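Novice: Residue strings, one per chain:
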Amino acid sequence: MGRYLRGRLVTAIPVFFGITLIVFLLLHLAPGSIVDLAGEGSARAAGQAARVEAYLGLDRSLPAQYAAWLLDLLRGDLGTSYASGKPVSALIAQRVVPSLLLTGTGVLLAVGIALPLGVLAAWKPRSGWDKAASALSLVSFGVPGFFLCLAGIFLFSVVLGWLPSHGMYASGSFSGLGDLMRHLVLPAGVVCVSGLGGLIKQTRSACLEALGEDYITTARAKGLNDRAVMVRHAFRGALIPVLTTVLTHIPHIIGGSVVVERVFGWPGMGSLLFSGILSRDYPVVMGVTVVIALAVLLTNLLLDVIYGLVDPRVRYAAGCSHG
Amino acid sequence: MKRILSLLLTLTLLLAGCTPAAETPVPTPMETPAEERVVRYGLSNAWDSLMPYNSPSGSNYSRIIYDKLYDRLAYVHADGTLDARAAVSWESADGGYAALFCLNEAAAFHDGTPVTAEHWVQTITLMTDPDCPAPGRSVFAVLAGTDDTGAATGERLGVEAVEPYTLKLTFKAPTTPEDFLLDRNREFYVLPTHLLGESAPEDVLSLELWNAPVGSGPCKFVSETAGSQLVLASNPDYPLGAPGFDRLVITVMDKSNLLTSLIAGDLDYYAFGGSVSVEDAELARQAGLTVLEGEVPNTFFELMLNNETIASAQVRRAMDLALDKQSLCLQSTQGMGEPTATDLTPGTGYTAPVTWSRDVEQARALLEEGGYAGQTYKLACTANRSGLAALMQQQLDEVGITVLIETVDSATMFSGMVDGSYDMAIASHTPGALPLWFTESRLSEGNNIFHVADLAPYASYFSEIKGAADAAVRQALVERFQEFLAGERPFIPLWFGRALHVQSPTVEGIDYPSSSFSNENVWDWVKP
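Protein chains in written order, with my numbering: chain P, 26 to 348; chain R, 19 to 546.
No lab work stands behind these hints: they were computed from the structure.
Bear in mind that the values here come from a model prediction, so they are computed numbers and not experimental data.
For every residue, glycine included, the Cβ atom is placed at its ideal position computed from N, Cα and C.
The reader is advised that the hints may include incorrect statements.
To be verified - These stretches of chain R come out as covered by chain P in the derived footprint (C-beta under 8 Å, 3 or more residues): (1) 173–186; (2) 224–235; (3) 266–272; (4) 292–298; (5) 403–410; (6) 422–430.
Stated by the list, open to error - Residues from chain P that face chain R, not an exhaustive set, calculated with beta carbons under 10 Å: (7) Ser58; (8) Gly197; (9) Gly237.
Full structure from sequences and hints, please.
Specialist: What follows is the structure in structure tokens.
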């Protein structure tokens, strides 16, 4: 196991740097820089744009810029935001926890709803549970997150006046759990609904597949009741694909939800990434990319470990995948 | 499992409470007054650094933030009239080459230190130091002793503390104090130079001070989540009066949620001036909000042209004649705008005998004369103007000009015009009161965004107009320049638009229209 993990870690390193290189190139291939944003408001004075570009280091060649960024990264420095002038690591530190809170709550809610509903839908096909699961999946897959945000705001903030339409706190800083929870409900609800479809469908189909296995027939032949067969055997057999779906949400939880955070003015990683892209703030976008890439790679590693714990048939060998 | 979930949730909530958003200590709930008056302010784009001369984008979203934390010399109304702010009065000096500003002696930084003329002198001296990398330095290029980028040349710098509370600015060309303020006021701020210590000019931008800035504006810094939320407190000692609220919470959020949040009562105001489209204004009225019709133009629309790829002036003039500005303006402003033949802002006193009317036949004749060979031009626009671009495409097609539309973001559009990737682009700007507000900075060697081959005639007009002290002489020169522009047509003026402002009943005293000058009278705002 240890050798296997070390092997996976070693292969993850070039993948990580590959991701950063691709994102870096894509960012710089997009036309315009932060200096061009002044165009709408006022034109720059003579020579000023070039001077600002030189100040930000944008006048260097792309390989030189990437090499400088990489060297800083290896020293543990994610650079300084062009726009705010603050260290990117400090910006990320400010934004990670709100994202964890928002997306984490949304995903937890989605898991809490999707797992039992998916199991029930598989257990009792064409029942009310199955229909509810299908309807929820349809809404989750079919309605864009942006529309869900606006519909939620219209219904719960404008019409009913129950929930705040934006922000994390009413007065700009923490003033009690109640205030935070009220602000959390709508955006977390949207994250939950957006994630429900995949989880329900995955749980239902994995359980249905497990129900057709020989060991389920054996369990039934031994006289176990339906509930025991479903919970102790079928669901356990379906756990690996379900776990995969659930755990692949981890990078999403850390990286935040761009649309939801943007619409609700939630100070998370998603909105940081969005404003970074919009303002061509390359160090910020690269910093968020580093965090998300690490989360994805570590999640994959975590999944491999969990597969072994959940399914004793999974054995590890250095340099090859489970099996 | 349940226990673990509960534990995780509790832990996350606790962590959220400890989010390191604050750069300075934020009052704990125990210290927060029970009936705190909070003004909730929405902004659709993030600001840059809180150091006012360290804004690489130089956007209005940053300026509107600096306006609260730092003081400016004057307050500019939407109609171009000026009110005292850091300066209580001003007058011209040295034959029009200088302006004297009498500073408000009651003005003080948020740490209590009085603001003197010496602070202004030190600020400008420091920012114009060639070793200081301030991106916002170009604002000082109007002062004597600076080069085109605003860096000090070593000659006598055009800033002086004549008396402790009298500031003298000396210009390169004769400039009235009013013209200077209309042009530059929103970019001139005084810094707390007494807090900069022995910092070298090259290090000034990266000081810790800018994480919790001390200004002399109407609001004090409380906390910031950079690019997302800024919490400010009322400055009770602001000379023009303490803002009538305890806190101002500025949140960056999507445009789509600004009006709904105002209707829901979760926002008290959004920048700039609660501006709203005609369709949304009706929605706001139905929701019981008051909608104010702006009386002075707050937007100028133009069709940017690439004079290198559209090299013939006849072809450019043909495009001008081919466009039905009336219908374009109607489509865009829903009746809240007027087509124009010039970039001269209506109501400023400057006029030109240049008129516009659509003439398809004459446009075709000019195209032939200009040797248009049927090439396809690339028209760039942002997503919200794609409908407008499609209309333009149809109208240009009527005279035989083929146009391909590319919908891109703002930065891509401007950089595409700069590097010549696009032949034309639709842009809008906040109009200025001066006759050269639009042309001077866009038709210069350093920012020749229209790719004009010979800028010499333009430079000559600029110099003559700026140097004309007599109003009648200046007006005559402006007329000549506008006629020259009509002949050359380096860009196509489209229309001036007026804004509709949605007013929330939850805050009183807001001067909505003046926000177009990136200043807001927060000292008059009252949250009942």
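Novice: Against this structure, judge whether each hint is valid.
Specialist: Taking the hints in turn, this is what the structure says about them:
1. Residue count for the segment 173–186 of chain R with a Cβ under 8 Å from a Cβ of chain P: 0. That is fewer than the three needed, and the coverage hint is violated.
2. Counting residues of the segment 224–235 of chain R whose CB lies closer than 8 Å to any CB of chain P gives 3, which reaches the minimum of 3, so the coverage claim holds.
3. For the segment 266–272 of chain R, the proposed coverage by chain P is satisfied: 5 residues have a C-beta within less than 8 Å of a C-beta in that chain, meeting the threshold of three.
4. For the segment 292–298 of chain R, the stated coverage by chain P is not satisfied: 0 residues place a CB nearer than 8 Å to a CB of that chain, which falls below the threshold of 3.
5. As drawn, the segment 403–410 of chain R meets chain P at 0 residues by the rule of a beta-carbon pair under 8 Å; below three, the given contact is violated.
6. Remark: the segment 422–430 of chain R is confirmed as covered by chain P, as 5 of its residues place a Cβ nearer than 8 Å to a Cβ of that chain, reaching the required three.
7. The restraint placing P/Ser58 at the interface with chain R holds, with a minimum CB-CB distance near 7 Å, inside the 10 Å limit.
8. Taken as an interface hint, P/Gly197 checks out: its beta carbon lies about 4 Å from the nearest beta carbon of chain R, inside 10 Å.
9. Given the 10 Å rule on beta carbons, the hint for P/Gly237 is violated: about 27 Å separates it from the nearest Cβ of chain R.
The structure is inconsistent with the numbered hints 1, 4, 5 and 9, although it conforms to all the rest.
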